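Chains A and B are the protein sequences, given in the same order. Per numbering that gives the first Met the number 0, the first sequence runs over residues 0 to 135. Per numbering that gives the first Met the number 0, the second sequence runs over residues 0 to 141.
No wet-lab data here; the hints were simulated from the structure. Hints may contain errors.
[Said to hold, decoys possible] Stretch-level coverage of chain A by chain B, calculated; a stretch enters the list once three of its residues show a Cβ under 8 Å from a Cβ in chain B:
(1) 42–53
(2) 65–77
(3) 100–109
(4) 118–127
[Claimed, not checked] Label pairs and their computed distance ranges (CB to CB):
(5) Leu134/A x Leu111/B: 33 to 43 Å
(6) Phe126/B x Asp99/A: 21 to 31 Å
(7) Leu55/A x Arg112/B: 45 to 55 Å
(8) Met137/B x Phe33/A: 20 to 30 Å
(9) Tyr100/A x Leu31/B: 17 to 27 Å
Given the structure is predicted, the values throughout are model-derived calculations rather than measurements. Positions of the beta carbon are idealized from the N, C-alpha and C atoms, including for glycine.
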Amino acid sequence: MCLLFGNDAWVLTMIDNHKKQKPQKPIGQASRHFIWQRVTGLANIPLVVFFIASLLIHRGADHATIIAYFGHPLIALIMLVFILSALWHMRLGMENVIDDYIHHKAFHKFAYLLNLIFTLFVAVVCILALVKLTLT
Amino acid sequence: MAHDRQAKQTAHIMDASQRPLSPHIQIYRWTLTMALSILHRATGLALYAGTLLFVAWLVAVALGETHYVRAQMLAHSWYGVVILLLYVWALFHHMCGGIRHFIWDMGYGFKLRHVEWLAWFSVFMPFVLTACVCYLAMMRGS
């Protein structure tokens with residue numbers, strides 16, 4: 000046995016570790032990233048279809064019609080969900096790209112920060128525009 | 000003797016300048032799945048930048064009629080139409096790629112036959128969907 004497997008202490012520690020890991024481990028950063036990327040991506044499918052359909056229906060419409068449509072509380076709410084989901088997905092995707100190509104720690108952090116700032120900027124401008132649409 | 004030779008070999012490998020390089024992108028034969036993987040990322044990056052166009056349109060609508068009319072004029076110019084078509088195509092391409100990845104994430108479609116089928120699906124589907132949008136836009140147009 001000893002010749003075949005050597006010192007089998009490592010097997011025992013592995014089993015021990017496995018037992019120790021049995022209780023529910025909290026989901027890590029990477030798993031959360033993965034899951035939210037999928038969730039937002041899946042949500043984006045109907046939301047994008049909704050938005051493109053909205054634009055197609057109102058093609059060539061005048062300003063008042065567009066305002067009346069996108070200013071409707073329900074439509075504005077769907078647009079809000081669309082914007083948040085799409086921007087979140089966009090930010091997560093860009094984080095993957097940054098992880099792949101920027102290895103220098105400081106630049107990596109800086110790129111993450113720029114990514115966050117861009118996302119927040121777009122989100123704030125979109126939400127302000129939506130609020131104005133709803134109120135007019 | 001053997002030990003000596005091994006030491007020599009190790010020293011050779013340790014020398015960073017002579018270390019064998021792993022095959023990089025220019026070595027590989029291009030495959031469809033590989034090209035699609037790159038395109039998925041490229042369209043993702045394009046859509047990232049494209050949000051600025053979306054924001055610009057939304058702000059133009061919110062700002063009032065003059066800005067909205069100007070935005071519509073830009074969208075109806077020939078370069079506006081080209082950009083919009085590319086935008087829609089990139090959107091659908093990324094969407095189909097995402098669906099493909101989602102099928103893989105669920106644990107299906109790993110047979111080579113299925114991989115190829117899914118790849119061709121995400122090559123053609125974006126064009127079909129973009130053509131549909133184009134047709135609907137022209138049909139309802141003034």
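### Message
Just to be sure I understand the hint, the distance between the Cβ atoms of Phe126/B and Asp99/A should be within 21 to 31 Å; is that true here?
### Response
Since the Cβ atoms of Phe126/B and Asp99/A sit about 28 Å apart, the hinted range of 21 to 31 Å holds.
### Query
Are at least 3 residues of the segment 42–53 of chain A within less than 8 Å of chain B when you compare beta carbons?
holds (count 4)
### Message
A range of 20 to 30 Å was offered for this pair. Does it hold for the Cβ distance of Met137/B and Phe33/A?
### Response
Violated: the Cβ-Cβ distance is about 40 Å, outside 20 to 30 Å.
### Task
Starting from the range 45 to 55 Å, see whether the pair Leu55/A and Arg112/B falls in it by beta-carbon distance.
Once the Cβ atoms are compared, 36 Å apart, the range 45 to 55 Å for Arg112/B and Leu55/A is violated.
### Message
Under 8 Å between beta-carbons, do enough residues of the segment 100–109 of chain A, three at least, approach chain B for the coverage claim to hold?
### Response
violated (count 0)
### 8 Å C-beta test of the segment 118–127 of chain A against chain B, three or more residues
holds (count 4)
### Query
At the C-beta level, are Leu134/A and Leu111/B separated by a distance inside 33 to 43 Å?
violated, 56 Å
### Query
Do at least three Cβ atoms from the segment 65–77 of chain A come closer than 8 Å to Cβ atoms of chain B?
With 3 residues closer than 8 Å to chain B, the segment 65–77 of chain A meets the three-residue bar; holds.
### Query
Does the Cβ pair Tyr100/A, Leu31/B satisfy 17 to 27 Å?
holds, 24 Å
In this structure, the earlier hints numbered 3, 5, 7, 8 are contradicted, and the remaining ones agree with it.
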